[in-house]
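A.B. asks: So you can see what is in the structure, the chains are spelled out below.
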Amino acid sequence: MIRQRADVRPDTVGWFSLERFTQETVLAIFLIVLIAVLSFIRPDFLQSRNVLSILLDSSHVAVAVVGMTLVIVAGGIDISVGSMLAVCAVVGGLLAQAGVPIPVALAAIVLSGTVIGFINGALVVWGGIPSIIVTLGMLSILRGAVVLVTGGSWIRNLPPGFYIGQARLAGIPVPILVAAVVVLAAALWLRYAPLGRYFYAVGANREAARLTGIPVKRIQMASFILNGTLIGVAALIFATRFSAIQTNSGVGFELLVITAAVVGGVSIMGGSGTVWGALLGVLLLNVIGSGLVFLRVSAYWFQAVQGTLILLAVVFDIVRKRRLGEL
Amino acid sequence: QPGAAPSQPEPAATEEAHEEATAEPTAEEHAEEATVVTDVELPEGWDGGWTVNAPDLAGQPIQVYDIPKLIGIDYFNATYKGMQEAAEELGNVTVTQDGPTEGRVDRQIEFIENFITQGADAIVFASNDPVAIAPVLEKALSQGIRVIGYDADAEPQARQFFVNQATFEAIGKALVESMVAQVGEDAQVAIVTSSLTAPNQNAWIEEMTKYRDANYPNLEFVDIRPSEEDQNLAFSVTNDLLLAYPDLAGVFGLSSVAFPGAAEAVKQAGKCGQVAVVGLSTPNVMRSYVKEGCVKDVVLWNPVDLGYATIYAVRAVIDGTLKPGDTEFEAGRLGTLQVQGSQILLGDPFIYTAENIDDFNF
Amino acid sequence: MVKEPAMAETALPTARPGKLSRTWISQESILLVILLVIVLVLSRLSDRFLTAGNLLNLTRFFAEIGLMALPMTLIIISAGIDLSVGSIFGWSAVMLGFAWQVWGFPLPVAIVICLVTGVVAGLLNGWLVAHIKVPPLIATLATLAIYRGMALGISQARPISGYPDWFEFFGQGSIGPLPTQFVVLILFTVVVAIFLARTPWGRYIYAIGHNAEASLFSGIPVARMLMAIYTFSGFMASLAAFIFVSRVTTTRADAGTGLELDVIAAVVLGGTSIYGGQGSILGTILGLVIIALLRNGLSLAGVRGDATVVVIGATLILAVFLNRVLRGEKGDAR
Amino acid sequence: MNDSRSQPLLSLRNITKTFPGVVALDHVQFDVRAGEVHALLGENGAGKSTLIKLIAGAYQPDQGEIFFQGRPVTIDSPRTAAELGVAVIYQETSLYPELTVAENIFMGRHPRGALGRVDWKRMAREAEAIFQAMEVEIDVGRKVGQLTVGNRQRVEIAKALSQQARVLIMDEPTAALTARDVETLFQIVRRLREQGVGIIYISHRLEEVFELADRVTVLRDGKYVDTLDVADATPARLISMMVGRSLDTLFPKVEVPRGEPILEVQGLTRAGVVEDINLTLHQGEILGLSGLVGSGRSDLAQILFGVHPPDAGEIRINGRPVRIGSPQAAMQMGIAYVSEDRQRLGLILPMTVKENSSLAILTQLARFGFVRVRQEERLVQEVVEKLQVRTPSIHQRVANLSGGNQQKVVLAKWLLCRPQVLILDEPTRGIDVGAKAEIHRLMSELASQGIGIIMISSELPEILGMSDRVLVMRRGRIVAEFPRAEATQEKIIAWAISDRPVAESAGSAP
Ligand SMILES: Nc1ncnc2c1ncn2[C@@H]1O[C@H](COP(=O)(O)OP(=O)(O)OP(=O)(O)O)[C@@H](O)[C@H]1O
Ligand SMILES: Nc1ncnc2c1ncn2[C@@H]1O[C@H](COP(=O)(O)OP(=O)(O)OP(=O)(O)O)[C@@H](O)[C@H]1O
Ligand SMILES: [Mg+2]
Ligand SMILES: [Mg+2]
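Protein chains in written order, with the working numbering: chain A, 1 to 327; chain B, 328 to 689; chain C, 690 to 1023; chain D, 1024 to 1533.
Be a bit skeptical, because a hint or two may be false.
[To be verified] Which residues of chain B face chain A? A partial, calculated answer using Cβ under 7 Å:
| id | residue |
| --- | --- |
| 1 | G399 |
| 2 | N404 |
| 3 | K408 |
| 4 | S505 |
| 5 | A508 |
| 6 | Q509 |
| 7 | V510 |
| 8 | Q558 |
| 9 | S563 |
| 10 | L570 |
| 11 | G647 |
Derived from the structure by calculation, the hints contain no laboratory data. Please read these numbers as outputs of a predicted model, since none were measured by experiment. C-beta: ideal position from N, C-alpha, C; glycine also.
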């Protein structure tokens, strides 16, 4: 792969070079190969019910990972999403239990996410505190608050109308549809809305963005508020899928979401990554999770195998980038 | 007279420890204090520990600290409720619950140290690890603090009595019997446990396996998967199991989170009645599944009674009415409970069914 | 490892306070004031709090986190992070137990095996970060799963106990009036603090944290430094695991789960910048002490565990905020 | 028309701006008219960049007023500046490495399609059109992070050009460009001038000022000196206005007898980067390395400095074959490399002058593993004084120094190392005339001490003025070599541009 030098280095690349493989393509290939291998060993892996089950398991994570993508692309990070998920679900549950009309309770789930996102954003943007620290603090604050408020009791016996997460539309579970809409909308928005492009600008080079006249602080703020709202939507799916709301739910959720995002190629440095990639990250994790059960990998070795596969996917991409001279 | 003998600081679980049965001073006290005398004569064969130089608080008001595996979950709220009930009945007992927000033994140890510093009269605990928690409990004993376990035991010599809600054997048997009753002897079943390292769950799995081997060798345990106290994970793991093992006839859900998660998965897969779900959990969490017929019965003791009995045991030990060697004791509304060695037995595990589940609220 | 060349972060140098204001309110002195306030409040809430017995006892619980926080400080200053320390802790603990009881090595050899496990795990992290150039967060997020998986897989989640008496010395014994692990922590703290503040390699870590590429071009052995600090982190995690096993006299595959967050919280509370290039060992120790005292003091004052968690989270945010405001730094976080 | 030409488009009165410990601008006045190129000159740290940042809304003045077409305005943010029609090419590139070239150009002003969506195709087309006008070929779909310094600078220029500004500010736009690029840039600037754009032009290359500018304003130490019509100015006069005294020679080259060869390179190849490089560097010799941007000069230097391993070839130092595995190894063999990209590779910006200068000799400064701070400060103080780095103290953060002074700090770092072989990659990029002369004098001094110097430069006068021998690189190969006496601007350009230069300008191929 000798790079042809011109008088003035053209900085161009042919159609068949590695460059044309984006991180998303690489990940998609990895995922397809994995699925192919799995379904070769266990043909029933690809049965429609399992596909549906993987998608259903992915749905609330996918919505959350969209939010995380927004935050990370804009240069921040949010590790409070697990506790946030619990708070949102509990708020909705408590309201529904208190007899508030169901649509209001459901809206409250999403809105409480918006509010917490706003608090996170305010502390980062106006307080000038690094997001990882703000959200590390919020992780414990919110978790503690849930236990303080509920005493840990699960929230049960909600009116039947509450459980919209169990409904189906045209045979497809509603959570999958919601996730699909969110992912599609976010992907298009990030790619085609000028405002969406500002997220990348702010994450890639804040000072340059400022000099371009982009309202950096407002964008950062927006990333946290949108993330909070999307965690609210994830909580909406999550809380209405099961007959009870577990008040200590979402423990470790942040790790899952961040892992999915970075496996999906969202750069932790900010400024790069796509919703599609992040979605592939989620699917990859869930395919591995379900696949290892089909392969009857002992639960004791599960984490080691899963971690190794994640590492492989990541290293593969890094080697690709290095060959391109990007690193 | 073995009780009067000076004791060496014993590592956990050595044989002499069981026989000599004295309070175990921790290393630093041992340096100062060569001779340790327990408060009572310990009978031959007594495997528990005992306090040293405990103040005589018979009939006096006492402060009891409760350290569950973790705070903020229904189950330990229920045991605490029972403790409060007992304290109210007795009138001269105050119970305070505190503990970690996640089931980590290292945090539990920290809390117990704090209780000792605070000057507790008695500590009741449910341990996250029987061995790890032992040294700090032994330290409490050596400072005259009464220590009684419930729900999940420590090394015997690290506490005075343990209120045993149901033996592992009895639970293992009840679970397997309930499963066999629903799926027959010839079937594939899977286990959804809490975490792979949870001592109680592991002990139940061991007993289930033993009982199965002895009685129903054709009942196959195809897989064990953890659910980490997360109903979402329990749900999706059960789902995976249902799909990966098309012939699966039943699922054990071995915790108050795993059981409803598994039941939910079976229900949403539309397999109620085809796939049996058997396990341990609290009635409130399981009520809807039992009523819908997705779950036939729920195996559990009554955690409120468990907490209740524990506080009665504390009072009795302090008042001197429950001593090593006793074979029964009076536990308020529960009547007379059996005592075997250093274990107080709550009775057989309770089976909740559609008929009686509405009588319980915890 | 290599941070994005912060092209324009540098284009417009931000206004910083002059040398004067920077030296007279240091990060550490602010923390010290916070610490004093906390001690004052807590000692009014509980009279058992400010006693030598209680405080010395406390060191037992925080020595392990402290030992891991030392290398974590170095790593975060180098603009990295090690999320896998909790898992290394668990894996090393398992190796200690299994080498001894299952594979039949003498206990001293098992201890060495435990420490070697930590070193190997740290080396792998270091190799991924320094040579494969996987961003540290991603590399150690993956090894977090892998090492925990090793712990579970090797042990099949079986606990190991029954360690001999002498073994308890490291986690339960004392040297003079001081708990053994406290002495170990003090020794390491002094060594690492001097290393970081006074030696060329300490300065290299700061340089790498600010700009790894320029460091490389200045002849700093960047890869070797990174290998060294991640390996050191692995080693310290296994040392902490060894002390932990000795303290609780049992080996569990889930030992150390979630510990990484405690460790990181102490480090960032101590003023080490998550963006790299800034921080000190003294700060980390102050951060550690603040968290330790809050946890202990609030509990003694009868505040429940869930409320304590809230207070600690709020303290973390508040301390970093105060630090920024009092030192007049531009609020430009991301 | 004439009227609007004489009325200033933008004017600044009595502007004062201070930073902690520094008065960057002290009651300065400045104006630019429509349809003129107004050059801004001054030594490093004189306050030029600060002045334009005030216009661009990046900083706010402490005192003073700004008028736009006679109306007083407050430029409180870059957005306001953009709305007034101010476009800026900053001295240090401010691009988004993760984004494509096209998007870097249009960030904040994306071409819109239906429903207000970003029209990616049109954006690419328009970006390509701009580059066509600039006569450069860059794949606009490529990430900027993958571009060379030179190309980044071109993207920066394209970005400013795309804004159709009324006031165009260029802060040392040519620092990373070679002669040919500069020529096309000038054509574009002249065209814009025709269109009535007011252009503020900052450069340390005086010849550019004479070629391009209509008026020139000089700042010294943050104070306004004077504004002249270029027609009335001479280089000597401008220099004395800037420096406050006159300078004797620009290229104080000292003849040094050529000593033993120290560095010999044979058949050095790194696939896709450099091929079959043969060169010899002698003690006391200054070897000029010329070529176009991207011809592989920096790559060659970096291979010699151990940053990248070669695929083939032999390197000998003092006659002994060596393997240079890392910059650290190179330093131990006495090779030092001053990189062309000081912000990214040369300096640790948030660290102090002291810490940056001593970074490469810390281990030598250590006793029993501890850095001897006193000695460190003494050494740094000495070299800082010698190089006349303009800084309040050696404890100042390098980020707060002006560009030229930053460059001096990089040099300080490597001078402290006492190398045998010093590779300077664009050593005077962005350095003012005074300092440049100083650095050149220093090079001569080092050469006379027996140090061998390889100087990479895109500035031909510098190459011609300072080199004992000139090598020309093209497409990763050394294509020509001239002794000092035979080297001319034409020959070098001819060899640099084309494979088969016309006969009369041909030099001796190696
Ligand atoms: N953010 C800042 N904080 C402190 N001092 C600063 C800052 N920015 C600039 N200065 C100082 O202000 C003075 C003017 O700097 P400026 O960058 O305007 O110089 P310049 O004329 O552009 O020099 P050069 O030709 O080297 O680019 C210098 O002394 C510099 O050190
Ligand atoms: N095809 C390429 N695409 C992107 N980057 C490249 C390419 N080839 C080389 N580079 C990098 O660009 C930098 C400069 O390249 P090179 O040494 O070829 O340029 P040069 O002749 O010094 O010209 P200049 O530095 O003035 O652009 C080096 O760091 C090199 O690694
Ligand atoms: Mg400047
Ligand atoms: Mg170059």
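A.B. asks: So which of those numbered hints doesn't the model satisfy?
C.D. replies: Of the numbered hints given earlier, those the structure breaks are 3, 4, 5, 6, 7 and 11, listed in rising order.
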